[in-house]
Each structure stands twice: as C-alpha cells, then as structure tokens.
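J.: So you can see what is in the structure, the chains are spelled out below.
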Amino acid sequence: MRPELSSIPRLAPGVRLNDKNAKSRILLMPESALQLNGPSFEIVQLCDGKHTIQQIAEKLHVLYNKAEPQRITEDLLGYLVLLHNQRAIDF
Amino acid sequence: MTTATLTPLVLVAELTHRCPLHCVYCSNPIVLTKRDAEMPTETWVRIFEEAAAAGVLQADLTGGEPLTRADIVQLVRAGREVGLYMSLISSGLPLNEAKLEALVEAGLDHFQLSFQGANAQTALEISNTTSHAHKLRVLDWLKKWHVGVTLNFVIHRQNVPELGRMLALVEEHQPSKVEFASVQYYGWGFANRGALLPTRKQLDHCVETLKAAENKMRGKTRIVFVVPDYYAKYPKPCVGGWGRKLILVSPEGTALPCHAASVIPGLRFENVKEKSLHEIWENSTAFRRFRGEDWMQEPCKSCERRHQDFGGCRCQAFLLAGDASSTDPVCSLAPTRHRVDAILGATNQRPPGPWEKPNYLYRRSPA
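Line by line, the protein sequences are chains A and B.
Throughout the first sequence, residue numbering follows the working numbering, covering 1 to 91 in sequence.
Throughout the second sequence, residue numbering follows the working numbering, covering 92 to 458 in sequence.
Extracted from the complex, chain B is given alone in its bound form:
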C-alpha cells in the first residue's frame, strides 16, 4: 500500500493538561504535562499554519481544559484565519458569557460540552468537582450564538440508570448533536475499569433506548452512541487507522498518532518544536510503525476486514495482549479474545447498583 497519499485531516491540539475536573476516565495520559512545559501561543499558531498547509481540515482544541489557557481566544482566531474548522472540547467550567462571545467572534465553529451525568451528585462523584449547574448555564448561553453544539455524555456502569434523564436534557435543549460515548479503557479509565465497565444488560438497555431516541429526535438532534470496545464483535478503526487521518500534539509538543500512544513501549515520538508537522507525519518512525499493513500478524494479515478496521487499536493490543502489533483483543477473531471475555464475565456477575461504592483513582491536576 502506498502511504504517500495519506494526509492528516484532524489535528487534536492538547493545549494543556490543567483541568478543574478530575474525571476518573480522563483520556489524558497518567503522566501529565506541567504548566511550565506548555508551549507558548506563537508555537501553537505555527502548528495551526503547518497543519492547514499539510491538509488538515479540523482542529480540536482540547486539554485538560482548553479554557484554562489565557490565550484561548487568540488561538481560536489564529486557527480560523488559516482556514481550520475550530472545535473547542470543554467542560465549560471556566467559561462566562463574555468569554463565549469573544470565542464566537474569533471564529469558533463548534463547542463540544462534556457532561458527567444527568444530575449534580453523579457529576461530582465522577469529576470530584462541582460543575453540573454551571454546565447547564453554559448550555443556555450557547443557544444565543450561531455555533455548532455537541453534548457529550460519557456513559459507564454508574450512570446508565440516568440515561432517560440525559435524554430529557437533550430534548429540552435540542443541540445539533449529542454523543453518548461509552468509556474506553486506556489511562485513567483502564485504572478504574472495574467501577466503570457496564454489564451486558446495561448495554442492551442503552442500545434500545438510544435507538428509540434517534427516531424520535431525527431532524432535530443527531444522536450518536459509541459502544464500549470490549462488547464489540469487531474492533473499531481506531482514530481512522494509525497515522492515516489524525495527529495529536501534546501540551509540550510531542506529536502522537492517538491519545494513548505514549503507553506503547519502544516508540520514539518527535516534537513539533524540533520538526515540522508535515515532516513528522511523513517520516516519524512512530507514525510509520503501524501505518499500512506490513506490521500486521495473523489473523489480521489475511483478514478481509483489515481495510475497514486496520487491526483495531494498537494501545488496546498492548494493554490487553502485551503486544502492540497483535490483533486488537476485542476482536472476536483475536487469539487473545478470551482475556476480554474473562473481564466481561467477572463484570456481568456483579449486578450494578447504588450499593457499589467505587474506590476511584481520580485524575490529578498537573503542577
């Protein structure tokens, strides 16, 4: 396969790892970047220019909480000026009406607002921060502006019973899109998996409820449900395939093919402070490592689905099978699928309910 025609389409800009929330499933790595190692405004502006020149269409400004950056309005403007579709992935917590107005005026295209549950107590337990009431205020402010709005409810064992109330919120506010994103198990989520992995019964309930909601809300709100990988029959094409669509830049400038890639041992990641984004995309050994098919083992190597799912998730293969180049263990064809089934077996023997008192490992905030 030729890789010369691949261009990055999405830049995930992890502007900071600072965050007022401490969510137990945060997608940030366990080792967080400290504030004094964060890159300055001018470096990010250069990265946006390089990204647009390399073919990137969309930039997701995320973190941590991207609004903790004092230069966030400036960064949105800089990205929009070079033609990028600018999304802000935020808890909404450090936002006020004036800041929102400034962001929209600077060219913000899309605001993705995260929710930890449908009520304040669940949100507090998951994020260890009082945030729910403020998020509802942000939702009201967003309606005043011509900006895309996605609500993101992170779904897991502890908040499935609130699904109906989450949908009531959606019906009340009618955002253009809502994602019910099941927790996936990397980093902090992996550490808290026992408390977060839903039962089969819970998953079936979600599928059924959200299917009905999708029909009901058609034309008003687009509803997307992301199932937990562990329950899937075939793996997802993780980040659209390694080094095929997405490039992530961490707060200190490390360029990664996905959020969790730093867990994989033996990969050497390059820094955008030393090389251009384009050069890293094309030539970095880490981006080339799992690009294409040469690295694949059986059953992927001869599988007819390999062009659809690219062997699944490399980080999951490392975390569950101990080998990043093996078939994603969630695949029903994987030789290590029994490990996932054992985890699900244990999960489904424990009925979820209010008697569960999870002993969470909360995501810390970097110094």
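So that you can see chain A by itself, here it is in the shape it has in the complex:
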C-alpha cells in the first residue's frame, strides 16, 4: 500500500524508540530492534502522529538540501512502506 502525502504516520502499538541507554538510535519492536542509520532516525522521530508525509518530506528537503527533492520524497515513501509492512508504523 502506497500512502498519500497527506497521510500522518505514527509508530504502531508496541513500537518505540529506545530512550534510556547509549544506543538511542534504535527502534524497539516486538522481538526485534532496528538500528536507525542516517536519515532513518530523523524520519522515525517525525512519525509522531502530528506530521503529514508531505511535512516530513519538506523537513528532509531542508536537512539534505544537496539532494534532488523529488528523489528524497520517493525514497521517503519507499522507506515508510517498508516500515509499514514490518508493522512499525501505521498511517
């Protein structure tokens, strides 16, 4: 399922960012954990039930202003579908 740019992603039940020890860029899920490298950490932080995908994309366009914006949006959508299929986020 490809989400709309107006969709608002949020972490699924049972999924949260590691908040206590040093390895903080880790997404904790039932019986697994994802290491969040590079922009994936910023993206997951913005999956807070407040930002639309369009708004997340715009923030990434600013953060990574050397890359083609359309390409960033495409990559973002691909990553969100991946997270959705792993049941890490809901739209």
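Just so you know, not all the hints are guaranteed correct.
Stated by the list, open to error - Facing chain B, from chain A, some residues (calculated, C-beta under 8 angstroms): (1) G14; (2) L28; (3) P30; (4) R87.
Stated by the list, open to error - The following residues of chain A were derived to be distant from chain B, with all beta-carbon distances above 12 angstroms: (5) E4; (6) Q45; (7) A67; (8) P69; (9) Q70; (10) R71; (11) T73; (12) E74; (13) D75; (14) G78; (15) Y79.
As the list claims (entries may be wrong) - Rough simulated footprint, nothing fancy, chain A against chain B, three-plus residues with beta-carbon under 8 angstroms: (16) 200-209; (17) 236-243; (18) 302-316.
Please keep in mind that the hints were generated in silico from the structure rather than gathered at the bench.
Just so we're clear, the structure is a prediction, and the values are computed from it rather than from any experiment.
Backbone N, C-alpha and C fix where the C-beta goes; we use that ideal spot for every residue, glycine too.
Given the coordinates of chain A, work out where chain B should sit on it, guided by the hints.
T.: Just chain B now, with coordinates in the frame of chain A:
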C-alpha cells in the same frame, strides 16, 4: 574472533515454572524449579538493572506463566524504568481486565499470547487445561490498549488441519504480528516427538498456506512461520549464536545461554545471586564454551556458512548426535544427518489423522 565486543541484547527472564497449562511441548526443562526456590522481587529488579547496564534492550518475561507471580506489575515497572522493552510471554489464563490495565500502565510494551490450536478441544488435548475461550477474551481486551500484540500458534502434526481456522482468527483480530512456530524437539517436545512431528506433506501445506496469507495480510499483520529444524537444509543460528545475543535466567537464578542448555553435560552454569550478569556473560565457562569458532569440528570448522548459523543448535547436537560440539545433525552437511532422516522417514510413513490417539507425556507443574 574477538568476543569482547559481544553484548547481550535480550534477557529471557523465566520468572517461575508454575503454569496452569501442561503443554506437551513446553520449552521448560524436564526438571522444574519449585515455588520456594524462586527469586524474590528485589533480585529480579537488580537483574533488570544489570541487564540494562550491560546493553540489553529487551526483556522477555516468561515462565511457566509469568502472571502467576504476584509481583508481575512491579517487575514490569522496574524493567521499563531502566529502559528495557518489556514483553510478556503468556497463556493469558490468569489475566483479568484490571490486571491488564495495571500492566500497561506500568509500561508493558508487548504482549505475546500463546494459542494451542484454533478450537477448544485441541487446546485441551495439548495443554490438559480448559483455556481457549479465555484466550479469546484476552484478545478482545488487548485491543483496547496501545500495546504490541503477537499471537503465537504452536504448530505440530495434530493441529495442522486447523491452520485455516487459525488464520481466520488472525484476520478477525488483526494483531500486529502472528507467529506460527513449529514445535522444536527439546525437553518435553523431545519426549512427545512421535505425536508432534509433522509430515512433509503437512509442512508443504503450511508453507503454501502461510505464504498466501502473508501476501493477503501485508500491512495489517506480519506473519512469521518457523519451520521444524528437522526439515531444514541448514540449521538455524540458534539463539543468534551461543553467548552472542541472549541470556536466560531461570526462576532460581541460573544463567543459561538458551532454554535447553541444562541438558548438555559437563557445563557449569553460574547463578545471578552470586555474580553479576555482566561478569557471567563475559567470563562464565558455560557462556564461553561455544562462543566463537574454536570449539567447532568439521564440517563446520571450514564451512562458509559458519558465520551465519554458528554451527546450529548445541542442544540438538547433544540430543541427536551425543556430542554437543558436533555439527547440528539437522544440517544437510552433518555426518549424523542420517539420524534425522531416519526419524523423518518413520514419521512420513504414518499418515496423520483423527485415528491417532497420542499417549502424551504432559508437562507437570512444580510443587
């Protein structure tokens, strides 16, 4: 290989061996810990603190039935406070709505609910306890809370025909994850293997059905199928490799590298009441025994897959080959693979069906 960089990521906390169910494939050891030998709340709280400090990310509270502990809410809170991702691995049986609310409020992240089948009669035959209807109630209660839910269906020869009805349950309730976990053969499962090992035809049916279900449920429920080791071509990286990721603490405080490790003779396991978790992880002879590659024999020693599967399961090597440091006999390259093939040959000659009346050895409950 250097082992200094290995940190434990998962703590399996076997809080008790008491359980209202008597499942014929229980992963607990045959010799169970008695109630009066169980560790008190404060010792478990210390273990959670030590685990978090050692790098552990997730704690699986299990048993027996962890809900039989009167201090279960307190333990969930203590683990969550030191930053651990708290999972409860439960039959759901001693649960009511108020207890569930208290657990969630204390910080429970994830509830794994076990199912013995898709109908009450199968569940009764496997667990020797009436439990199925209550589990369905628990499933409804869980939907009210923001907590991860995994359903765990244990799959074997006697309940493969119910697979479709299990999937109907999954579609109806849409948990975030469902595991169809084939029985593996250690402890009680090993004792009941003749009645539980599926045929090749049953396994093929499971693979096909669950593949279709996976596609259908994508984005709703993540479906995981764990095949029986005996039918695998290569062994699994058991517990992610011995002493590489997981540490299990038994109800009386014994620290083990896996659920079944106590069957292996000659290993000396240490107790968390006497030493810190970190010290045991680093220095215990039992944890070091099969860590890395020095212990390996051929064909593992020179096998290019040794970094992926770490030679497979040590307990299975002991149980089937009589030598815990030999290649896991389920591996197609193992010199003892013929023993597994002989077991499968006998299994596949007997067609499964309602005419089978297994004479189960039920898991007992400790005093």
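J.: Please check whether the beta-carbon of E4 (chain A) is more than 12 angstroms away from every beta-carbon in chain B.
T.: E4 (chain A) is indeed farther than 12 angstroms from all Cβ atoms of chain B, at 14 angstroms.
J.: Are at least 3 residues of the segment 200-209 of chain B within less than 8 angstroms of chain A when you compare beta carbons?
T.: With 3 residues close enough to chain A, the hint holds.
J.: Given R87 (chain A) as an interface hint, is its Cβ closer than 8 angstroms to any Cβ of chain B?
T.: It holds, given that the least Cβ distance between R87 (chain A) and chain B is near 4 angstroms, below 8 angstroms.
J.: Please verify that the nearest CB of chain B lies beyond 12 angstroms from A67 (chain A)'s CB.
T.: holds (28 angstroms)
J.: Say whether it holds or is violated: T73 (chain A) keeps its Cβ farther than 12 angstroms from all Cβ of chain B.
T.: holds (20 angstroms)
J.: Quick check: the segment 302-316 of chain B, covered by chain A? Criterion 3+ residues, Cβ under 8 angstroms.
T.: Coverage by chain A holds here, the residue count being 4 at a Cβ distance below 8 angstroms.
J.: Quick check: do three or more residues in the segment 236-243 of chain B have a beta carbon closer than 8 angstroms to a beta carbon of chain A?
T.: Holds: 6 residues of the segment 236-243 of chain B have a Cβ under 8 angstroms from chain A.
J.: Checking a non-interface call: every C-beta of chain B should be farther than 12 angstroms from the C-beta of P69 (chain A). Is that right?
T.: holds (27 angstroms)
J.: According to the definition I'm using, a residue is off the interface if its beta carbon is farther than 12 angstroms from all beta carbons of the partner; does Q70 (chain A) meet that for chain B?
T.: holds (25 angstroms)
J.: Verify that the Cβ of R71 (chain A) lies farther than 12 angstroms from every Cβ atom of chain B, and report whether the claim holds or is violated.
T.: holds (24 angstroms)
J.: E74 (chain A) clear of chain B by more than 12 angstroms, beta carbon to beta carbon?
T.: holds (19 angstroms)
J.: Beyond 12 angstroms from chain B, beta-carbon-wise, is G78 (chain A)?
T.: With a cut-off of 12 angstroms, G78 (chain A) remains clear of chain B, as the shortest Cβ separation is near 14 angstroms.
Hint violations for this structure: none, all hints satisfied.
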